[in-house]
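Colleague: Below are the chains, spelled out letter by letter.
There are 2 protein chains.
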Amino acid sequence: MKFALLFGGASFEHEISIVSAIALKDVLKKDHVFIFLDADGNFFHIPSEKMKSDHFSNGEYKKDTKLTLVRGGFEKKGVFKTSRFEEWDIIINLVHGAQGEDGTLSSLLDFYDLPYIGPRKEASVISFNKWLGKLYAKDLGIECVEFVRLNIDGNRTIPFDFPVIVKPLRLGSSIGVSVAKDKKELDFALDVAFEFDDEVLVEPFLENIAEYNVAGCYAKGKWHIGSIEAPSRKEFLDFEQKYLDFSRTHTIETAPINEKLTEMLEEAFKRLYDPLFAGALVRCDFFVKDGKIFINEINPIPGSLANYLFEDFICVLNDLAKSLPKNRKIRPDYAYIERVQSAKGPKTRYSS
Amino acid sequence: MKFALLFGGASFEHEISIVSAIALKDVLKKDHVFIFLDADGNFFHIPSEKMKSDHFSNGEYKKDTKLTLVRGGFEKKGVFKTSRFEEWDIIINLVHGAQGEDGTLSSLLDFYDLPYIGPRKEASVISFNKWLGKLYAKDLGIECVEFVRLNIDGNRTIPFDFPVIVKPLRLGSSIGVSVAKDKKELDFALDVAFEFDDEVLVEPFLENIAEYNVAGCYAKGKWHIGSIEAPSRKEFLDFEQKYLDFSRTHTIETAPINEKLTEMLEEAFKRLYDPLFAGALVRCDFFVKDGKIFINEINPIPGSLANYLFEDFICVLNDLAKSLPKNRKIRPDYAYIERVQSAKGPKTRYSS
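Which chain is which? The protein sequence lines are Y and G, in order. When we follow the numbering used here, the leftmost residue of the first sequence carries the number 1, and every step to the right adds one. When we follow the numbering used here, the leftmost residue of the second sequence carries the number 353, and every step to the right adds one.
Take the hints with a grain of salt, since some may be wrong.
Said to hold, decoys possible - Listed below are the simulated DSS-like cross-link pairs for lysine-lysine, each with C-alpha atoms no more than 30 Å apart in a straight line:
#1 Lys574(G) to Lys354(G)
#2 Lys490(G) to Lys292(Y)
#3 Lys138(Y) to Lys644(G)
#4 Lys418(G) to Lys66(Y)
#5 Lys641(G) to Lys138(Y)
Note that these hints are calculated values from the structure, not bench results.
Could you build all of it, start to finish, from the sequences and the hints given here?
Modeller: Here it is, written out as structure tokens:
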């Protein structure tokens, strides 16, 4: 199975997508190609040896082969003829944040009929929009931290005590997120968050709470769930820490938790995953408080695909590649139009 | 304002989209072009005079000019050169059902940066998936009929009395929908619905209930809400009736309801619309029972855009065209990559 790692995108997470792709290059070792989506919506085939971060920051990538999305794949223009860019079997969507995680790329790849590992459009919308994600989880019986949704033009009243955490409603990473300890800090935190989205989510900030990350997928008839990680973090993960987090390639130690909690976390993961997230390798970040599990967020494209949580990551990817959700092919048959036409008499020119 | 009516699509509603476009041709009169999306994902410019239903059912459309989606618009290939297809200002998304209403086309148009009237991807996913739509409406304080979600592989137990109505979870129209009066009819109805989706919604079927349709949009700083319609229907609208429904062009009489109910319906409409459906002309279908309003469904692209509910439909479209939601343009600045690079020392080749 030869993967095409699709990364970049017009998003605030553009850079960490590059970092993520470079990290996966080291993990996958061989049999893969790199397709960069720049901020203007152009695709480029990046040769493996050029997969260094400065290749993108200095714009050198523009000299690489430009690709055009066509039905079933990509085309590359040569000097004399246009040919198919064939050197891959399946795409891995590694575009974090906008475009990659909001449903745009999944729609594009579905429309042009390219096979890919990554969240489908419903899964994307539900995880990218933190409010809709909470409604989804709650209806599945998974607890969420309480919240209030504020609009850029509306009032700034919050119905719970400080400290609170303020998040742009739609970003994938920790950008624009901050903790506020009083009204003044809240105002500042809201100003920051509204830079990124017209809607913002405010939640009570839970201190000294246990956090566990569970990553996995359902593939080839069984669950592949990685080691459960207890992330060690400061107050919360800011962008710079997140940046480092996206480049991780080393296996971690499983969190020292008992069997019952492990089971509860895995059970919650499975309920959130199935069937909406089929085709994706997902990481769910949970809080645990007084023995109760709360979902914090669903990352449908976690940094470097959370490779460091799996014993045999390549095997998981290969299995997932063989278990992608099928789109029902719909062929219109014009039965009704024909019926209306025949009711009006045959061969009329005014059949509508 | 010159509109490009985009219609067709790979969906079970392919035919009614053709009907819808033909109906709008009569309503808009001039200043518009027609772009047909066939079931294989090809775009064609259809000359106005060829806008008859048999042009599509007999495949004649394939001789029309083929268009290619490119950044900011469409290209057409001539014998000697490729040129821009320029004769429009804004697209109207008239692709009913899959692709048009599920978020695929909105993603495509956003990605390629084409201006369009129609639901954005979140609005599409929320209205196309009837389950997610209920979660959305409920959280906004709008009542929904109770329901149970069944999976094609799961059990068929329903927690309420007959009659019930069975609906594929994701179709835009009444296709695959049926009413069941007992267990045997339910089994058959489920078999039918599972032909169209792996997930199905079952609700109590409310008999002799008042139904009202409210269509409108928010544009140029104000609400444009059409006449409230009390649809006259049999048990429920089957596909053939729906077909006729999509070709309507004549203004209807306003439903004879009192001021208070009108206000309640419009209030519910506005709450459901704003801000998620910005950019679209939407029709919400409500039930009223014991003075309480229930949302039945949100149609983000109603048949022939519910033109028959508006006094000056063209004026509404022109206003809407000038009030489209803006996508925030994101330019990656590589600040973090540069910081990491400089920490590692300048000009290293191993900057990742």
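Colleague: None of the hints should be skipped; say for each whether it holds.
Modeller: Here is what the structure says about each hint:
Between the alpha carbons of lysine 574(G) and lysine 354(G) the distance comes to roughly 22 Å, so the proposed pair stays at or under 30 Å and holds. Distance check on the hinted pair: lysine 490(G) and lysine 292(Y) sit about 25 Å apart at the alpha-carbon level, within 30 Å; holds. Pair hint lysine 138(Y) plus lysine 644(G) holds up; C-alpha atoms about 25 Å apart against a cutoff of 30 Å. Between lysine 418(G) and lysine 66(Y) the CA atoms are separated by roughly 23 Å; this keeps the pair inside 30 Å, and the hint holds.
At most 30 Å may separate the alpha-carbon atoms for a hinted pair to count; lysine 641(G) and lysine 138(Y) meet this at roughly 27 Å.
No hint from the list above goes unmet by this structure.
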